[in-house]
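Protein chains: 2
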Amino acid sequence: MNDEYFVKKCFSLARKAQGNVSPNPLVGAVLLKNGKVIGQGWHKKYGREHAEVNAIKNATEDVAGSTLYCNLEPCCHTKKQTPPCVPLLIQNKIKRVVISNLDPNKDVDGKGLQQLIEAGIEVISGILEDDGKELNKFYFKFVQDKLPFVTLKIAQSIDGKISEAKNKQTWLTGKEAIKYVHKLRSEYDAVLVGANTIKIDNPQLNVREAKGRNPIRIIIDGRLSIPLQSQILNPIDPEKTWIFTKRDIDEKKVKRIADRGIKIFSVNSKQNHFNLKKILRVLADNKITSLLVEGGADIFTQFLQKDLFDEIIVLQAPKILGRGINGFNIHRLKKILLLKMDNLGKDIRLVYGRKLSD
Amino acid sequence: MNDEYFVKKCFSLARKAQGNVSPNPLVGAVLLKNGKVIGQGWHKKYGREHAEVNAIKNATEDVAGSTLYCNLEPCCHTKKQTPPCVPLLIQNKIKRVVISNLDPNKDVDGKGLQQLIEAGIEVISGILEDDGKELNKFYFKFVQDKLPFVTLKIAQSIDGKISEAKNKQTWLTGKEAIKYVHKLRSEYDAVLVGANTIKIDNPQLNVREAKGRNPIRIIIDGRLSIPLQSQILNPIDPEKTWIFTKRDIDEKKVKRIADRGIKIFSVNSKQNHFNLKKILRVLADNKITSLLVEGGADIFTQFLQKDLFDEIIVLQAPKILGRGINGFNIHRLKKILLLKMDNLGKDIRLVYGRKLSD
Chain F
208 MNDEYFVKKC FSLARKAQGN VSPNPLVGAV LLKNGKVIGQ GWHKKYGREH AEVNAIKNAT
268 EDVAGSTLYC NLEPCCHTKK QTPPCVPLLI QNKIKRVVIS NLDPNKDVDG KGLQQLIEAG
328 IEVISGILED DGKELNKFYF KFVQDKLPFV TLKIAQSIDG KISEAKNKQT WLTGKEAIKY
388 VHKLRSEYDA VLVGANTIKI DNPQLNVREA KGRNPIRIII DGRLSIPLQS QILNPIDPEK
448 TWIFTKRDID EKKVKRIADR GIKIFSVNSK QNHFNLKKIL RVLADNKITS LLVEGGADIF
508 TQFLQKDLFD EIIVLQAPKI LGRGINGFNI HRLKKILLLK MDNLGKDIRL VYGRKLSD
Chain D
208 MNDEYFVKKC FSLARKAQGN VSPNPLVGAV LLKNGKVIGQ GWHKKYGREH AEVNAIKNAT
268 EDVAGSTLYC NLEPCCHTKK QTPPCVPLLI QNKIKRVVIS NLDPNKDVDG KGLQQLIEAG
328 IEVISGILED DGKELNKFYF KFVQDKLPFV TLKIAQSIDG KISEAKNKQT WLTGKEAIKY
388 VHKLRSEYDA VLVGANTIKI DNPQLNVREA KGRNPIRIII DGRLSIPLQS QILNPIDPEK
448 TWIFTKRDID EKKVKRIADR GIKIFSVNSK QNHFNLKKIL RVLADNKITS LLVEGGADIF
508 TQFLQKDLFD EIIVLQAPKI LGRGINGFNI HRLKKILLLK MDNLGKDIRL VYGRKLSD
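Residue numbers (our numbering), protein chains in the order written: chain F, 208 to 565; chain D, 208 to 565.
Same shape as in the complex, but just chain F:
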C-alpha cells in the first residue's frame, strides 16, 4: 500500500531528531504530488518549526493539490512556541492528509483532523498506528500519564546476576552492548542510578561510544553520601547532574555540590526508600519524558516492585556466575512480555514490555 510506504518515510525522517525534540514528539512529513515527492521535512529541535512547516518550506514546486503524509496529527492549538500547522495546510490548499497517530495532547486529539475535514481536506488516519506509537512511546506516555516512560536496563549473566559480589564492579557484557547503552542514553531524556552504583562504579553516565547529546544524569542519594570527587559531580556539563536527596541533609555538602552548578532536589522520604512515583512526577514537571534506569539492584527492585516501568531491556552475557548479586530482589513473581530479541555481539538483547493481563 502506497500510504504505508510514505508514512514509513515519515517515521525515518522523524527519527533523525531522536534525543533533540523532547518534550515534543518525533515528527516527519512528506508531500506527494502526482506520484512524486515534492517536499519533506522533520521537527529538528524543541522550539523550532514543525515537520509540516519544513516540508512545505522545502517543497520544490507549488504544494497546492498535494497529499501531506505525517506520522502525527497536525497541531491546531496556539498554547505553544510555534504557530499551529492546520491553518497553514488549509492556506496552502493541501488536498489530502494521511497520518499514523492522533496527537494525544488534549488541545489537539482529533481537533486537528476535524478542522481539516471541515475545510474540505480528505483525511486518512491510523496508517501503521502501532509503529507510530512505538516511535513516540516517550511522548504518548508523558502526555497521557504525566509521567516519564521508564525503561529498566540491566546487564546480567544467564543466571540473572549483575555482579560477582556485593560492592564489586563486574563487567559482564561486551563492547557492542556498551555502544548500545550509550546510544540509548543519547535518546532518553535522563538516566537514573542509585548512590551505590556511583560509589562502586564511579560512572560518567554520558555519551561517549555513540553520537548524540548527553542525557540528564539523576542520582537517588538519600543521605547525600556520594564522594565529592565522583565523576558525576565533576562533569563538563554540571547542570545535567540532578541529585534527589532528603530534606534534612548536611547543608554544607549541599552547598558545595550546588555551587558546582549541580541541581539538588530535596524531597520528603519517610524511611530508607524514596517515594519513586513522586520522584517521577517531579521529573515530569521538569520535562523529563523518558528515563533509563541503569541500576543497581536496589533501584531495579523498587521500580519493578512498584510497577513503575514501561520496558525492561536485558543485556545478557554468555556467562554463568553462580554466586553473585541478583538484579531483582522482588518478593512476588512478575510476569512480563517479550517484545524483541536479538544478538549484540556475543551477548543478547531482550526487550520486555508490561504484561497487562493473563
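These are computed hints drawn from the structure, not numbers from a lab.
It is possible that some hints are incorrect.
[What the hints assert, rightly or not] Pair by pair, the computed Cβ-Cβ distance ranges are: (1) ARG430/F x ALA372/D: 32 to 40 angstroms; (2) LYS375/D x ARG415/F: 39 to 47 angstroms; (3) LYS340/F x TRP378/D: 31 to 39 angstroms; (4) LYS375/F x LYS375/D: 53 to 61 angstroms; (5) LEU546/D x ARG415/F: 53 to 61 angstroms; (6) ALA372/D x ASN475/F: 30 to 38 angstroms.
Idealized CB from N, CA, C, for every residue including glycine.
Assemble the complex: chain F is given as a structure, and chain D must be docked to it using the hints.
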C-alpha cells in the same frame, strides 16, 4: 553449488531416523545419474541396512556410472552387523562419491575413501562439513571421547531461577517449550535427573507431547530414596528406568525395584556426590551416546562445575521470580558461547556451547 544441494538432501533423509539408529550415526544417501536422482535411502534403525545400501536397492535404473552423495564416509570394516559399503559401491560401478564428513570410527577414518580412490572412483569430501558434524554431534562425541554428548536443559525465569522455593514444583515455561522438551527426549538416548526432582515433580520423563520413542530414564539416587510409588518406578517400559545408587544400600529395596524390571547400577561414591565422569563412562559402555540432563539445581551445578557438558539449552520464561532457587550454584564464573536463539511461544530458547578459549 550442486554438490551442496544433494548433501543437504542426505542430511534431511538422515534426520528421518533421529532417535532410532544410536549408537550408529544418522546417514542419508542420494544417487545421481545424468543430473537425475535415481535412488535415495537412509539408515533407518540400528542393525539394519546402511543408507548406501538402501539407495542402491531403491534405484529406479542401473546405478553404474552414477554419483553417490552421502553425509558420512562409506564404511569399509567388517566388525559389525552388516557387510561394508565400500565393496558394494565398487561392485556397482559407482563413478563418483561425494561426502560431508569422514567417519571418526578408527576402523574407517579415511580408509573407506582410500579404498574408493584405489578402485578408481572420484572422491570429494568436506562438503558442508560443519553441518554434517552438527547433525551427528552425538555420534562424533561418542566415538571420539567414548562419552555421551551431554546437554543441560534448564527452564528458568529471566533472573535465573528454576523454582519459587526449595522443594516446590514451579511451572515456568509454556506448552511450546514442553513440546520441544518432549521432542528432545525422543532424540536423546537418555535423560537424567536427580532424586530430588523425582520427589518434587514426580515426572514420567517419557515422550507424550511429541512423536517418537521414549528415552532411557536415568536417576541419580545415592540413598535409593525415591518413593516406590513414583511414576518413574511404575512405567509401562520399566527396562528404560535406570537408577544409579551407592553400593551399600538396603538390599530389600534394591530387590523390590529390580523385580519390577528396573536396572540398578551400584557404584562407589566417596561422599555425597557421585563421580559423574564415571557414571558417564558406564552410560557409554551401555551404548548411551547422548544424555539430556533435566535437573535439578544440584545436578546442573555438578555437571557445569566439572565441565561435563557439551551444550546448555536455556528455556527462559518472561517472568522475574526475585526470590527462588538458582539453577547453577557454581563457585566460579563460567563462560559459554551462544549458538542459537529463537522464540518458543512466549518463552525463548537459547542454545549455548562450550567456550574453548577466550
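Each hint, compared with the structure:
1. ARG430/F x ALA372/D: 32 to 40 angstroms: Given about 34 angstroms between the Cβ atoms, the range holds.
2. LYS375/D x ARG415/F: 39 to 47 angstroms: 46 angstroms, holds
3. LYS340/F x TRP378/D: 31 to 39 angstroms: Since the Cβ atoms of LYS340/F and TRP378/D sit about 33 angstroms apart, the hinted range of 31 to 39 angstroms holds.
4. LYS375/F x LYS375/D: 53 to 61 angstroms: 31 angstroms, violated
5. LEU546/D x ARG415/F: 53 to 61 angstroms: With a Cβ separation near 32 angstroms, LEU546/D and ARG415/F fall outside 53 to 61 angstroms, so the hint is violated.
6. ALA372/D x ASN475/F: 30 to 38 angstroms: 37 angstroms, holds
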